[in-house]
Structure formats: structure tokens, C-alpha cells
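So the protein sequences, as listed, match chains A and B.
Under the numbering used here, read the first sequence as residues 1 to 294, first letter to last.
Under the numbering used here, read the second sequence as residues 1 to 494, first letter to last.
Wrong hints could be hidden among the right ones.
Said to hold, decoys possible - Below, a sample of chain B positions facing chain A; criterion: calculated Cβ distance under 10 angstroms:
#1 147
#2 253
#3 418
#4 453
#5 455
#6 460
#7 471
#8 475
To be clear, the hints were calculated from the coordinates, so they are not data collected in a lab.
Ideal Cβ placement from N, Cα and C applies to all residues, glycine included.
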Amino acid sequence: MSTTRSGERLAVRKTYKLYVGGAFPRSESGRSYVVHDAKGQFLANAALASRKDARDAVVAARKAFGGWSARTAYNRGQVLYRVAEVMEGRRAQFVDEVAAGEGLRRAEAEAAVDESIDRWVWYAGWADKVAQVLGSTNPVAGPYFDFSVPEPTGVVAVLAPQQSSLLGLVSVLAPVITTGNTCVVLASAERPLPAVTLTEVLATSDLPGGVVNLLTGTVAEVAPWLAAHSDVNALDLTGTENAELATELERAAADNLKRLVRVPDHTQDWTAAPGIDRMTAFLETKTVWHPMGI
Amino acid sequence: MSAGKFEYAPAPESRSVVDLRSSYGLFVGGEFVPTVDGRMFKTVSPATEEVLAEVTEAGAEDVDRAVRAARTAYDSVWGPMSGRDRGKFLFRIARLIQERARELAVLESLDNGKPIRESRDVDIPQVAAHFFYYAGWADKLEYAGFGADPRPVGVAGQIIPWNFPLLMLAWKIAPALACGNTVVLKPAETTPLTALLFAEICQQADLPPGVVNIVTGAGATGQALVEHEGVDKIAFTGSTEVGKAIARAVAGTPKKVTLELGGKAANVVFDDAPLDQAVEGIVNGIFFNQGHVCCAGSRLLVQENAYDEVLDRLKRRMATLRVGDPLDKNTDVGAINSAEQLRRIATLSEVGEAEGAERWSAPCELPDRGFWFAPTIFTGVTQAHRIAREEIFGPVLSILTFRTPAEAVEKANNTPYGLSAGVWTEKGSRILWMADRLRAGVVWANTFNKFDPTSPFGGYKESGHGREGGRHGLAAYLKAAGPKATDRKEAARA
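Work out the full structure: start from the sequences and follow the hints.
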């Protein structure tokens, strides 16, 4: 039954789907779009996410928030480290997809994938340290015990970087969930394949379904629904390349006072040390007072 | 009511310490200047409706002048100044506030209507403490956790409300100046006077001209400040509605924003709570400062089996509240800040009745002149009632009940706001369990409405962005030393 003239095995191709609530649905709209490699050759059809997909993803993220944010920080760190472990096992696949999508030489793609894996390890270590670094006890002038702790903001909508399809994605995704937020991520429109493969890693890394939900499609179509959604608490605009659209999204986000990460005004070097800004952007500070006395 | 009010002889604080001018200009570049294009308006005592002074309504050109003065001061003096010297100026200001505490307290009570007991014992000491606290940060910013070389943002436009006029000024100006920013501050139109007295304190401190600028006026003045291109950062405290408008206005600009907005705090009382303290806490939670507090405990959630007793005790306690002359040292509850605010409170209270909640007001005689509202509670309130959902910003408490801790959490969090919450129970483990689950920026357990310069304050959800107070409060006024070589904006400027 072999169909190749050369007798080589015919590859089983992958259908690239969305990742919502721990499952891999196609777009409810039934639409898909063509993904090309850097040279313009056909790579795959990716699901073209719709407004309804975005809303479903927000519902899944909200549902997952209580459980994920209530996990111990140690446990969240374990899960993030597990992501790195599982990714390592699929390194070759990521290298292929990053190389094809971004048009990188093999060594460059390998470096990007390695850095992506190491970034999960870096954030895994942060999970149980954020509260110590950012929290405080406050020496108020009175007989009170008063302490401040960081807490996750809630559901974060993330527009992933358009150019750096894996390292950029991991760099904006990991800090959001390390601290207990859940999210809806819109992958790079033209280079979505490493993102979809990453969701297959996430699904097998003990990360509860719904903590990360990934959509593939266009910023112009999907992002306005996320920016205007009342059950989204924060919005990361990093992947918005159109300044006018970014302004519109920011304006829509004002309706329920979403926390914002704006489009960076300088070229992002995703290989640089990440710093903690992307974690603090989606953290609230809760201060608790109690009288002290006997 | 069984516990009647003792008759106290009036104990009015003297007004003679305050030297009111009949007319005030704007404080720009270190001097009081007349308006270029604005008008004058009057500020009245809400307790008597007496006109206290005439104040300038700054127009767009006035705002522009103030922003330019702030920019010049930032570039030439305040930005380059050492942290040590900035700190010394702030220490000077803290001391001057302490020296003039009585005068500031009386003026605050006159212009705002709040009881002298509160302006004297809470507002002014806290104002001085904020300047003292942030003064000490000025030369220690590299230890604040924002990187090795944190830099100021530039010119900050700051807009503050009328409920704590001078305290909100301190919350805004002290951290901004400590971090090396210069400011243009707009106080609320109904309470501009203590800010103008603060301007004199800046002069006494020899603060370099333009570091602090004060433009008085109403919404249009604030809008001009928000939209001014020379402003790098907006800090606003006020209503959620205006906060959203500001967030929209700065969309697409590089302006940083922090917002301290409204609240509808749940004050949760369990059946094992220390009831004497809880009732004091409930009263303090909602009737402090006439309920003009964004973090006021305006939704009381009482565990069902404690409801009757809590309600009895609360009514008895409320009957002893003294409502009247803010300058009387015996007064607990002063005047509503303005006729407009009084109308808003009255309207929402009528809605409460119309929607079926039962209204009870403390028996008290209200003065004939001025703006007054008796401390009021509503029972039989459901979560759907507007009085349980909307911020009233007055001495009006809505009372609901719950059975289980889980239900208390559910109800407490059932609001778009998330500024504060209260928990009353003797059980420590329950306090920590509740504190963990309440989606609010401040949780007061077995206490309420406590503030301190070292303690971060600010909201979750639609109660705003950012924190004021403590180390966290510095974040609003600093930017970490970011990437420089590839910074497009820097490159464009160079």
C-alpha cells in the first residue's frame, strides 16, 4: 500500500489545533488559514480562531483560576519545571518548527529552543520566591501586625510576540502563570506552529487544563474581543504591531480597568535576562492588618 | 433608643489660627500667580455654606504653564539633585507640617466639613508621617527593589479628591518628590484650601520653584492636565468612572498611570467576633469621615445567628453618634462635603427604599444650614439592590447576612470593586483563610480603616491600578534602568 515511488514511508502529518480548557478543539468557526515557512512554502493549516473561541478560552481560564492560584507555590514550581522536562524530550521537533517558521539556521534555532527550555527552569525557581522578594511586613506606627503579599491578578490575555515564535512566547507566557494567573494566549499569526506544539507539552506536564489556553489567528480579529471582555483582568499587548490597533485595544481595556503591558517601545531582545517586570505586571498586592495585643 | 445621648457643652476649636485670604491664585513656579485664561470660583464651608475664599479655576493655558514650570524644575534642579538633598527638603516639609498642624487641621475641617477630631488626630499626623517616611527613601532608592539605578519618570500630573484633601496630597506628592519627579497637583474643586496652604509650606521650606505646582479647578482642569503632552505620569484618586475616562485618555500614549478608585467593601462579622470591637469597627468602617472613604465598609455581612444582636448593638451605638459642627471637638460625624454629594446620597437612599430595603437613621438633630445626612443603615438588603452594588460615598450602610464562611467569601467578592474588606472573628485560622480568599487590596481583620505610610494601599479589579504607601508606592514614580542602546525613543530624542 506504500504510495511513494521511492518506497519511503509516508509521513503522518499533524493537524494544528487550538488548546482550550485542556482539550484540542478546531475553531468552532470551522475555519483555518495557511501557515508558510520563511521561504513561503506551505507548512500546515492552522485553526483560525473566532470571537467564540476567544470567549470559550476566557471561560476555561476563569474556571481554572481558583485551583491554579490556590496551588502551593512549590507545586506550581514543580509543574513549570515539568514543562521544561517534557520540552527537552521534544527538542528536535521544536528546532524543526522554529527553523522553518523563523527561517533560522539550525544552530540558531537550537539556541532559541534551548533558551526557551531554560527559561521555564528559571521561572520554575521563581514560583516560591516571588512572595518573599515582593512581599513585606510593614512597620506601622501602632499595635498591628501588618503584612503585604503579592497575589495573581486573574485572567490575563496575552498577545504573543509576532517574530520570536517560541522564545518570545515562552518569555511572555511563563511569568504570567508562574505567579498563579491563568491566561488566553494568541500565538504569533504567521508562525504559530511552535506554539501549538508547546500546548501539547503543556497538556502532558501536569499543568491543569484551562491554565493556558492558546488561540491561533489574527490580532485584528481576536484581540478586540479579549480587550473588551469583562472577565479578563489584564492584557499584554506585546504582539500588537499596529500602533493604532494597540491604542484601540488599550481604550477597550479601560472599560474594566484591565492591567496592561504596553507594546514595548524598544526592540525586544528575548535572549536577554528577563527580569521580574513581566511577573510584577500581573500581580496585586494584598495588605492584611490585625491588632496585636494580649 | 435606650442609651440616650449625654448633653455635652459645645467645645469648638478656634478658627483664629487660620489666616484665610479672600482670594487665591495658582501656585506655579514657586509663586502664587493669577490665571491666564481661567475664572474664579468660590469654596464654601459645607457645615455653614459660608463662603471661605475665592479660588482660581485654572484653564488649559494655566495648566500648560504649570507643566512647563515642573519640566524646567525637573530638568534643571530636582532631577539632577542628590537623593540626600531631596530627602532633606522632604524632611523640612514634614517638620513644617507638624509645626503648623493645628492651623492645617482647622482649615481642613472648615473647607471639608470633617470633624476636627479626625483632621487633628488622623489626617494631619498622617500627612506629616507620609512626608517623613518618603523623605527617608530619597537617598535609598537603589535598595527599593527596582533595579540598581532606578530613575524618576519626569513630570507627574496628580489629581486628588475632596474626602482627604491634604492626606491625598501627601500620598501623591511625597513619593513623587522622593523619587526625583516634579509635580503638578490639582486638588478637588470643593476642597482646595489646604493644598494652597501647603504651597506656602513649600515656600517656607525653600523648595526650588516649580518642583511642586498646584492648579485649582474642577473636571476640565483635571482633563487638561491628563491630556497635556508634557506630563509623563498621571496619578489619580477618585471615582471609578473618572478613572476609566483617564485610562481611555492615556491609551496609546507613553504616560504611566496609577489609579485609586472606588470601592464597596464588605465588612464580614462572624458569630464568634468580639462584638464590642466589631460594632466599633462597623461604625468606624462606615461613619468615619461621613462615609466619604473609598475603602469604607459599606456592605456589612453578618453571620445569620449573630444578626439580631449585632443590629441591636449597632443601633444603640449609632444613637450616641454626635452629628454637627465639624469644629466642635465632641463631634463624631461632620457635614457632607457638598450639596451635590448630599443629593447623590439622598437619591441612592431613596432608591434603597424603593427597592424594598428597610431604612433606619440614627435619631439626631441636624443643623439648619449646611449639608447634612444622618448616619443611616439599610436592612433586608440583597445583593441585587443598587445600595449593595454602587458606591454611595456617604454615611449609609447596607446590611446583608450569610451562613457559612464560603458564602461570606462569595458575597464579599461579588462586586466589580476590590479595594478593601473587613473580617471579624476570634478564630485566627479563619482570619487567614478569609484574608487569602478576599479579592481586595487591603484586608482589615478585627480592625478597620487603618492607614500608615509604610503600608501599601490600593485596589484589585475596578478599584484601580497600583499601590500607594510603603516600598510598593515607589513603583509608580520610578522606572527601572531599562535597555538603553536599543531604546527607540531615547534614540529619537538624541
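Here is how each hint holds up against the structure:
Satisfaction of the interface hint for residue 147/B is found here, the shortest Cβ-Cβ separation to chain A being roughly 8 angstroms, below the 10 angstroms cut-off. Interface restraint check for residue 253/B: the shortest CB-CB distance to chain A comes to about 9 angstroms, inside 10 angstroms, so the restraint holds. Given the 10 angstroms rule on beta carbons, the hint for residue 418/B holds: about 8 angstroms separates it from the nearest Cβ of chain A. Using the Cβ-Cβ criterion of 10 angstroms, the hint placing residue 453/B at the interface with chain A is satisfied: the shortest such distance is roughly 8 angstroms.
At about 4 angstroms, the closest approach between the beta carbon of residue 455/B and any beta carbon in chain A falls short of 10 angstroms, and the interface hint on this residue holds. Annotation: residue 460/B was flagged as interfacial toward chain A, and the flag holds, the nearest CB pair being 5 angstroms apart, inside 10 angstroms. The closest approach between the C-beta of residue 471/B and any C-beta of chain A is roughly 6 angstroms, which is under the 10 angstroms cut-off, so the hint is satisfied. Below 10 angstroms, beta-carbon pairs count as interface contacts, and residue 475/B has one with chain A at about 8 angstroms; its hint therefore holds.
Taken one by one, the earlier hints all hold for this structure without exception.
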